[in-house]
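Make the full structure from the sequences, and use the hints.
There are 4 protein chains.
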Amino acid sequence: MKKIAVFTSGGDAPGMNAHIRAVVRSALSKGIEVTGIIGGYSGMIEGNFMNLGRKETANIIALGGTILKTSRSKEFLQKGGRAAAADKLRAAGIEGIVACGGDGTFHGAHALWDEQKIPIVGTPGTIDNDLYGTDFTIGYDTAINTATQAIDKIRDTADSHGRVFIVEVMGRHAGFIAMDVGVSTGAEFIAVPETVTNLDELYQRILAQGKQQRTIVIVGEGDEVGGANTFAQILKDQYEINAKVTILGHIQRGGSPTVRDRVLASRLGVAAVDALLEGKTDVMAGEINSEISFTELEKTWTKKKPIQDYLINLADVLT
Amino acid sequence: MKKIAVFTSGGDAPGMNAHIRAVVRSALSKGIEVTGIIGGYSGMIEGNFMNLGRKETANIIALGGTILKTSRSKEFLQKGGRAAAADKLRAAGIEGIVACGGDGTFHGAHALWDEQKIPIVGTPGTIDNDLYGTDFTIGYDTAINTATQAIDKIRDTADSHGRVFIVEVMGRHAGFIAMDVGVSTGAEFIAVPETVTNLDELYQRILAQGKQQRTIVIVGEGDEVGGANTFAQILKDQYEINAKVTILGHIQRGGSPTVRDRVLASRLGVAAVDALLEGKTDVMAGEINSEISFTELEKTWTKKKPIQDYLINLADVLT
Amino acid sequence: MKKIAVFTSGGDAPGMNAHIRAVVRSALSKGIEVTGIIGGYSGMIEGNFMNLGRKETANIIALGGTILKTSRSKEFLQKGGRAAAADKLRAAGIEGIVACGGDGTFHGAHALWDEQKIPIVGTPGTIDNDLYGTDFTIGYDTAINTATQAIDKIRDTADSHGRVFIVEVMGRHAGFIAMDVGVSTGAEFIAVPETVTNLDELYQRILAQGKQQRTIVIVGEGDEVGGANTFAQILKDQYEINAKVTILGHIQRGGSPTVRDRVLASRLGVAAVDALLEGKTDVMAGEINSEISFTELEKTWTKKKPIQDYLINLADVLT
Amino acid sequence: MKKIAVFTSGGDAPGMNAHIRAVVRSALSKGIEVTGIIGGYSGMIEGNFMNLGRKETANIIALGGTILKTSRSKEFLQKGGRAAAADKLRAAGIEGIVACGGDGTFHGAHALWDEQKIPIVGTPGTIDNDLYGTDFTIGYDTAINTATQAIDKIRDTADSHGRVFIVEVMGRHAGFIAMDVGVSTGAEFIAVPETVTNLDELYQRILAQGKQQRTIVIVGEGDEVGGANTFAQILKDQYEINAKVTILGHIQRGGSPTVRDRVLASRLGVAAVDALLEGKTDVMAGEINSEISFTELEKTWTKKKPIQDYLINLADVLT
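Residue numbers (the numbering used here), protein chains in the order written: chain A, 1 to 319; chain B, 1 to 319; chain C, 1 to 319; chain D, 1 to 319.
These are computed hints drawn from the structure, not numbers from a lab.
Check before you lean on any hint, since a few could be wrong.
Since the list gives no way to pick one copy over another, a pair counts as held whenever it fits inside one copy or between any two copies.
In silico PhoX-like links for lysine-lysine, alpha-carbon gap of 25 Å or less [unchecked claim]: (1) K55 with K244; (2) K244 with K74; (3) K88 with K2; (4) K299 with K117; (5) K88 with K303; (6) K74 with K236; (7) K280 with K299.
Okay, here's the thing in structure tokens:
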């Protein structure tokens, strides 16, 4: 291979820039040129490319977001869109691709390989941690630290007022963020889609805290009961409790990546380039038990990654 | 005077603990004992008091929230509640009070003095900065820095996606936070209750940014158009623009205070004790142009503190 | 068992408070009382004990340092000191101990078990990560993030001035911190005791950066060449390069723990209590590949934990 | 005027980028082009210029350091160097200059005006706050917050160990940083060049803290006794006290600017452009009591700005 491309797609995640940097530096060290595709699959179809060298990737390791931008493309969902993209890639001499994103990104990558036979290796770039085939995704560690620091601030107020606060964290399909953040903030109650949420238990917990004591409730946005506003409404209607609501929202996506995310992003960048050179394709490079591991793209979204048992137990014992 | 009391009331604000520490240390250095009233006016009525010495106030200067807790008391709004509180204060030998909070706190303090003639000096403790008689309130500097850091993170995502983000910051009656935060984050549009919000201008601004460029809109919660969700709805209905909404909420109240807030809180603590000793009462201790200044409590809420002209001009020139 | 004790010893590490909280809550949930020993082995000899309940451990999960304080005790190095300590422990009805610290702590714990047969389980509490038997120690993740954030700030200045900066990080006997921090900050050169430091290579690297480009050098304090000041002296004497030196020092020990540290500290707290109940003693509870693992105390300091190969490779490819 | 230039010089300071952005946007809004001089006076002599538009200054408001880099130039200290610089400026059509830096920068600016009659307005960009003619300099607020946050971390360890910690902060000629940081961290002792440092008093203070209590000593690097290492040596030699030393160093210069620094930097950027247009030269634009104020460059370094009395009093009463 003489030239590969890298792009980021779907929701942005802290560490994507560290990942791009690693792909570029690793490829250059092997004599391979790197093209950056700007704006994900849309940019691929439009041929919105840029050359990436050491200079373009200097001083980006600590930056949140992605210098290659990201987007969601309806056109690429069509076979014609993918064919158009492949034409642009071939015209630019691109022989392999590193695709950093979540399950939407991998659906596209899988189809591109399937139909167009352009080698493509995925890397898990999403704050949600909901991809099978890797212990952690790039951006997850930063997101849970950002959320925890925000909730530490809310606890100041909750303690001062002795009230019930309901905080909604991201995670549309999985409760990883809510569970880790709930344990790390010492929340009194954690609601995640993976376990049944018992509102009577929540009510008992609030009572147990006693008058003038705070109760912090962490709700993963995908919980079957609903989001934080739904919780507040139920608490008011059924239990006559006035709770305050905070939806952390997009602050969880941004910010300078943590060490874990920078190192993971860097390591997976090197691994993805190596994989392309070894002829691998249609797989995601992940990290399991500190070892690099490759998983067929299709399995990353068809197989379910469960929340670690020990976290669920910790939440039970310690909250 | 041999004994004074201090309490915090209304919404908590970063720096309240530094303030309590300063009141205690300053009083002790003058041979005066200090009683802490727990839970604001409710605690005053209940006689929920604690002794505050050097030990109780060690290592609190950096803590958010308030170790004396805070609350809103309906009972104290009644003359009978205030009489009951005064009885408790007198029984405990309290000869003067430092009341840290916002305009609700000061209404109560004014009535207490008026009816019960217990000397009381207010100090401005609120993140909103909406009190006449001081350039800045305790907690404001921390709140705008917290909000700015949060929006810096959102900008990572906004840039990566090239989208419109509407961020709502606190300030029910005043746009100080929104204006300072808007200027400091380089927002493209700032909506505050003090100026007329022109939605067509916002629309033009979004167009001017061009395709795939982010637009960040800062909305003060008291803006006459409504909150961030209202803005998003209007943008969708009238201009067919899909904007993302984040309501920063209670994270703005918490966190370790900035240097400015710790120093201001400390200085006003010392000033309030001095004022009580000099026989002052029914006034708020504030800081204007770096000098300590006293303002009748009633004026702190009847007079309007305007947003600084230069900030409004900066927003015009630089956004 | 009806009563156990917990203490922290050696250098303090972020997460120790989360650990204490978990030991207490876990024990209480099993009907066991918990005594806190204040000031490590010195406090043990003096019988400086306190009862630890839910209240004493509320709101400490996010705090740096250790509420039980820590110290280094010469007396405990003597058999007589350990006998005196054991007497105090027995008199207080303590039937098992959780000892959180580093290798010095474990030496003492091992001797205490050996001579006095009081069951004791160690937990790895040190920012240095240099204990065999656990992938990570409590405090390490916070320390590397604190160091990385500090170096991100130094990079601002290094870039602005285009100069050589030498930053010394902690790690007297091991280069874990230096290696992780070097990779995560994108440093141009990393010196650790585990690998041979080649100063000519450093010189070439500085030259390769070119005029007016910054070079950041991370030096682990245990490097065989010496600390940052030695590096600077050699660069000046042998290569006529003026470098700036920063020794990060004790800021690396403090601060609110990261999510990883809070969760690890919590998990190991629960595991240590379980281990005591199962009759385990003279072992350290650690985490290897996400599983709880027990290692004889003696092995934790006699066996050497190597820096992960992939980190060394990443440093080679990416710096 | 049709074209002006802006540059940064001396030590970098957080907020310099926000300042550059404001100069550019303000000038553009008045139809004036802006040239950026790269690398301070060296770049001026070399004609190292770049055009600065909206695009070049987008997304830099939150960045530490300076995109225009900075340096110290020996050549510019000579009349010949300044003449060469003036030639380059005239050749590029530059009719006025904004010079952001400290007293070294202003010496150069004054000489350039004096000899070459190119209009030049200075702006105070230094973390040291030691310029007469402005209440605060750009970068100062960020530096004191960075130092305070670092010392908050050190306090975790100091409390856990009950030891004496000596922390040296920047400020070669003035004690502003030390004084503000000392008050805001609740330090037990503060040493600044502006007041006589009494080591016996320090010793008494350490004794008063009692056994196993921490003592934090803040030393401004310009103190007449010497730096933190000198303090530690004296404590050891004369009083047999082992103290730990931390020199905060260059982390104080970097990092994302606080709101105060961003707003001040923006405001002074607009003011400097206005001043050039009004024909002002050989002056510094500063802010005194919230109003823009102009001071002859020469006075900024010949007149001494004292530490505020109230800060010194606060330190006395509260430490």
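**OP:** Kindly indicate which numbered hints from before are broken by the structure, ordering the numbers from low to high.
**Re:** 5
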